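Enquirer: Line order of the protein sequences matches chains E and V.
Numbered according to the UniProt record's numbering, the first sequence spans residues 1 to 522.
Numbered according to the UniProt record's numbering, the second sequence spans residues 1 to 522.
Since the hints were made in silico from the structure, they are not lab data.
Treat the hints loosely; a few may be bogus.
Because identical chains cannot be distinguished in the list, a pair is counted as satisfied if it fits within a single copy or across any two copies.
Said to hold, decoys possible - Each computed DMTMM-like pair below joins lysine to aspartate or glutamate, with the alpha-carbon atoms no more than 25 Å apart: (1) 40 <-> 212; (2) 52 <-> 244; (3) 30 <-> 137; (4) 372 <-> 460; (5) 164 <-> 259; (6) 65 <-> 305; (7) 373 <-> 212; (8) 88 <-> 422; (9) 477 <-> 323.
Note that the coordinates shown come from a computational prediction; the quantities given were computed from them, not determined experimentally.
There are 2 protein chains.
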Amino acid sequence: MNFQVAAERKIDRNEDFIQKAESLKPTLKKQVTKPINLVKTVEDPDIIHGWKCIVTEAVEKLVEKDYGKGDSFIVDFGQHQVGYVTLKIRAVGSPPDAPLHIRLTFGEMPVEVAVPFSTYNGWISSSWLQEETIHVDVLPETITLPRRYSFRYMKVEILDTSQKYRVAFDEISCETVTSADNTHVPKMNYQDSELEQMDRISIKTLEDCMQDVFEDGPKRDRRLWLGDLRLQALANYETFQSNDLVKRCLYLFAGVPNEQGQVSANLFIAPTLVPDDTYLYDYSLFFTTTLYDYYEATNDQETLEELWPLAYRQVELALERLDERGIVTDSSTWWAFIDWHEELNKQAPSQAILIYTLRRTIRLAELLDESKKTYLELKLTKVVEATLQHLWDEQKGFFVSGDTNQVSWASQIWMVLAEVLDQEENRILINQLFEQNPSIGMNTPYMYHHLVEALLLIGDQKKAVEMLRTYWGGMIKDGADTFWELYNPNDKAYSPYGSHLINSYCHAWSCTPTYLIRRYGL
Amino acid sequence: MNFQVAAERKIDRNEDFIQKAESLKPTLKKQVTKPINLVKTVEDPDIIHGWKCIVTEAVEKLVEKDYGKGDSFIVDFGQHQVGYVTLKIRAVGSPPDAPLHIRLTFGEMPVEVAVPFSTYNGWISSSWLQEETIHVDVLPETITLPRRYSFRYMKVEILDTSQKYRVAFDEISCETVTSADNTHVPKMNYQDSELEQMDRISIKTLEDCMQDVFEDGPKRDRRLWLGDLRLQALANYETFQSNDLVKRCLYLFAGVPNEQGQVSANLFIAPTLVPDDTYLYDYSLFFTTTLYDYYEATNDQETLEELWPLAYRQVELALERLDERGIVTDSSTWWAFIDWHEELNKQAPSQAILIYTLRRTIRLAELLDESKKTYLELKLTKVVEATLQHLWDEQKGFFVSGDTNQVSWASQIWMVLAEVLDQEENRILINQLFEQNPSIGMNTPYMYHHLVEALLLIGDQKKAVEMLRTYWGGMIKDGADTFWELYNPNDKAYSPYGSHLINSYCHAWSCTPTYLIRRYGL
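Using the sequences and the hints, build the whole thing.
Expert: Structure representation (structure tokens):
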């Protein structure tokens with residue numbers, strides 16, 4: 001993977017904005033949870049990733065058992081947890097005459113507690129695999145692990161005790177953390193139990209990603225990414241309504257643009273606020289659309305006014321990437337995200353996201369700066385014309401992208417959302433997309449979200465619900481407690497990282513069914 | 001190894017004694033030390049355990065280097081350390097977008113940082129191998145490891161960072177701990193630089209074992225064993241003079257005898273005072289001799305009077321093990337220690353230790369209880385007679401032990417120390433021992449100490465010094481910074497645990513050259 005890394009860069013820190021973000025830092029709600037069952041992993045080729053967990057006993061039996069070198073057990077917390085684990089351990093037999101050495105492995109999915117992490121050979125850091133090896137010098141001991149884990153299953157392996165003692169576990173618990181407040185979620189009268197379940201799992205996914213910022217995934221990257229923030233914010237307005245958390249995240253991004261004024265794709269919050277050196281064309285524009293959505297949801301005029309110059313600046317910078325024809329310049333680096341797809345060309349979808357953003361920026365300019373509105377409208381007209389002239393292939397009936405005139409699902413979906421064609425033409429385009437099914441497909445719930453939203457935009461609620469049932473419903477059938485970062489129904493082992501062991505199985509950008517169901521009354 | 005384990009046992013807790021021990025708990029002296037060099041391990045068949053460390057650069061160069069996945073380095077602190085390690089780590093490159101995963105390995109000897117611990121296949125717990133695997137979520141970070149390590153070398157392996165960043169180490173340090181006070185050690189005018197070095201290394205060994213109790217070894221078992229305590233106390237009287245620490249340890253043992261009144265072979269101090277369920281014939285008797293030595297060194301009448309009943313009780317219990325002939329009953333369990341030696345029969349040396357103890361108990365009884373003195377003198381006469389009648393083989397000119405009439409070094413040495421024969425006969429016995437060199441030899445500095453003391457007892461100072469030079473001097477030539485738990489010059493890979501990786505290389509019972517040199521004016 002070719003990251004775009006700026007070796008030397010200057011950050012234009014806005015301490016007022018950073019201070020404002022700091023003042024909006026939420027208090028985490030904590031709750032102590034306990035495992036429900038002792039389980040074992042069983043290989044099953046019909047199950048996603050080949051492994052399932054089978055209940056062996058209720059967790060109450062744990063206290064009666066003791067374990068020696070080479071023994072292991074798995075506890076199942078019954079649902080997804082994000083928090084801090086405590087184990088109460090005692091020695092059985094002689095006084096412990098050597099340290100206890102144990103390995104703890106945390107899995108959101110059965111495969112993570114079934115397959116040794118030593119088999120991992122993906123290209124992103126193996127340090128994301130949730131595992132700790134610990135020595136305990138003195139027993140009995142109550143250990144609270146200092147790191148936060150995201151998991152449902154926890155495997156405990158006894159690496160060694162001594163010949164004179166074994167160990168027993170009197171209690172295992174997790175103090176879960178989230179900044180989301182369940183009591184704020186509006187009650188719904190569901191028409192359909194599958195959609196009800198989808199809504200519930202979406203909300204749980206969002207809840208577990210809501211920490212002191214909106215994280216993309218509590219397992220990985222545990223980080224504030226703009227692409228995730230945009231969708232989390234939309235889901236949040238319909239559910240937890242933690243609007244100050246959206247505001248905080250917007251101010252965090254606004255606190256550390258680079259010296260050109262571009263907002264980073266993601267931020268590191270600790271030990272100090274630092275923008276990542278990854279800058280993505282689409283994600284920077286989503287700063288603007290996220291501000292737009294925030295204003296729509298809150299009518300917070302003060303924030304809009306304060307962040308407007310930076311929101312406008314993202315559009316200016318995006319326009320600077322247009323070539324003389326008015327088309328976004330393509331390149332081979334990681335300049336835009338769009339979707340996890342090795343072969344996907346990013347040009348046409350990026351062009352569409354520019355148009356999508358321009359439309360929303362114009363509406364903000366109406367409220368704030370009439371002169372910019374005129375300028376933006378002119379630009380919009382030109383960019384749309386250029387798009388139709390250079391990216392629309394009349395013969396194929398598809399938008400094309402890049403040197404090879406690639407036809408992808410992503411390009412068509414974003415062009416629909418950008419409303420480059422009229423409503424009827426969009427409807428034809430989407431139908432043709434499903435009929436011809438171009439080979440450059442979709443790999444993430446993030447991209448599927450945009451497909452469903454495109455279907456809703458053209459008024460095809462039936463097909464939208466069908467997609468929800470097929471895709472997110474598919475995840476549920478495949479065992480999801482929270483929605484996953486990656487899901488390709490045709491290639492369930494898919495991972496852009498080289499191993500599904502490292503995939504995140506509670507991922508912010510997958511939480512949108514609750515938004516789609518509630519916003520569009522599905 | 002067949003441990004003697006009492007499944008059900010009652011401890012006769014003496015809270016006054018425990019409270020007295022607690023009040024004598026020393027304050028640990030702390031000092032911050034830093035590594036001196038970056039080193040690499042090099043295989044060398046001529047070096048003990050096959051590995052040596054070669055300096056590559058001064059440690060000042062460390063700060064200029066950075067490390068990525070798969071890299072490693074070793075720092076050498078220049079001498080043995082016991083303490084808490086701190087690492088100051090920063091990221092180099094992009095902001096760290098994944099946790100840092102590192103493994104730290106601590107070695108008293110080069111082999112420990114050269115050979116992977118995964119190769120360890122000994123029978124005692126692998127949990128003693130000093131290694132930690134740590135995830136660091138946020139960088140820069142200053143990490144202080146919570147566990148205490150005993151080491152000279154520290155290896156740092158970078159298990160993973162990410163493709164976007166590497167790590168650098170701005171500082172590595174160790175806060176060493178000991179309760180020994182160097183300023184109390186009497187200055188010496190050495191006649192001989194080899195003995196001077198031996199004295200210095202002995203003192204360093206003792207110092208590193210002096211924590212809030214006299215530990216046997218700061219790497220392993222980090223525990224208060226009576227056999228070690230006895231020798232540490234002797235070395236301590238000549239050097240640090242932390243006599244209250246000896247007193248504390250005596251009161252700890254006295255605080256938790258079993259319901260028969262037997263003192264355990266070793267104690268666990270944390271989380272609460274618990275005697276190990278290992279009871280050893282020789283070690284229980286050493287409670288009495290250690291009290292004797294303590295009184296000799298301190299004239300502390302109050303302690304002597306308080307602990308006398310328990311000291312006397314150890315002798316009573318030992319006498320109960322005599323058979324109708326007056327010989328200590330042998331058994332195949334781990335009932336006496338004597339030395340680490342698979343084939344060594346423990347009967348005759350145990351008989352000798354009983355006699356050795358009886359002689360000293362009689363001297364204490366003279367001070368405290370005339371009636372017991374008479375009784376003990378009677379017993380001594382009988383036991384000595386029985387020994388000569390049943391264990392002395394006139395034809396062989398050796399003491400024999402067990403059913404097979406085993407002739408061992410240990411039996412002869414302890415019989416000399418027990419003064420069963422007269423001075424001249426002892427001299428002949430020792431000479432014959434060296435000449436005939438029975439195959440059941442010695443494996444530990446603990447046993448060699450008794451050989452040297454036996455030589456000094458018979459007045460053969462020349463041979464005693466020769467043994468010091470050969471044995472402890474041999475360790476120095478083989479690279480000892482502190483004296484080792486195990487050393488067999490004829491089998492340098494020797495370990496009673498199945499692997500020299502787990503041997504302790506700073507061990508209390510090896511610290512006695514300073515006692516022998518200073519006490520006997522060598």
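Enquirer: Please flag the earlier hints that this structure goes against, numbers listed from lowest up.
Expert: Checked against the structure, the hints that fail are numbers 1, 2, 4, 6, 7, 8 and 9, while the rest are satisfied.
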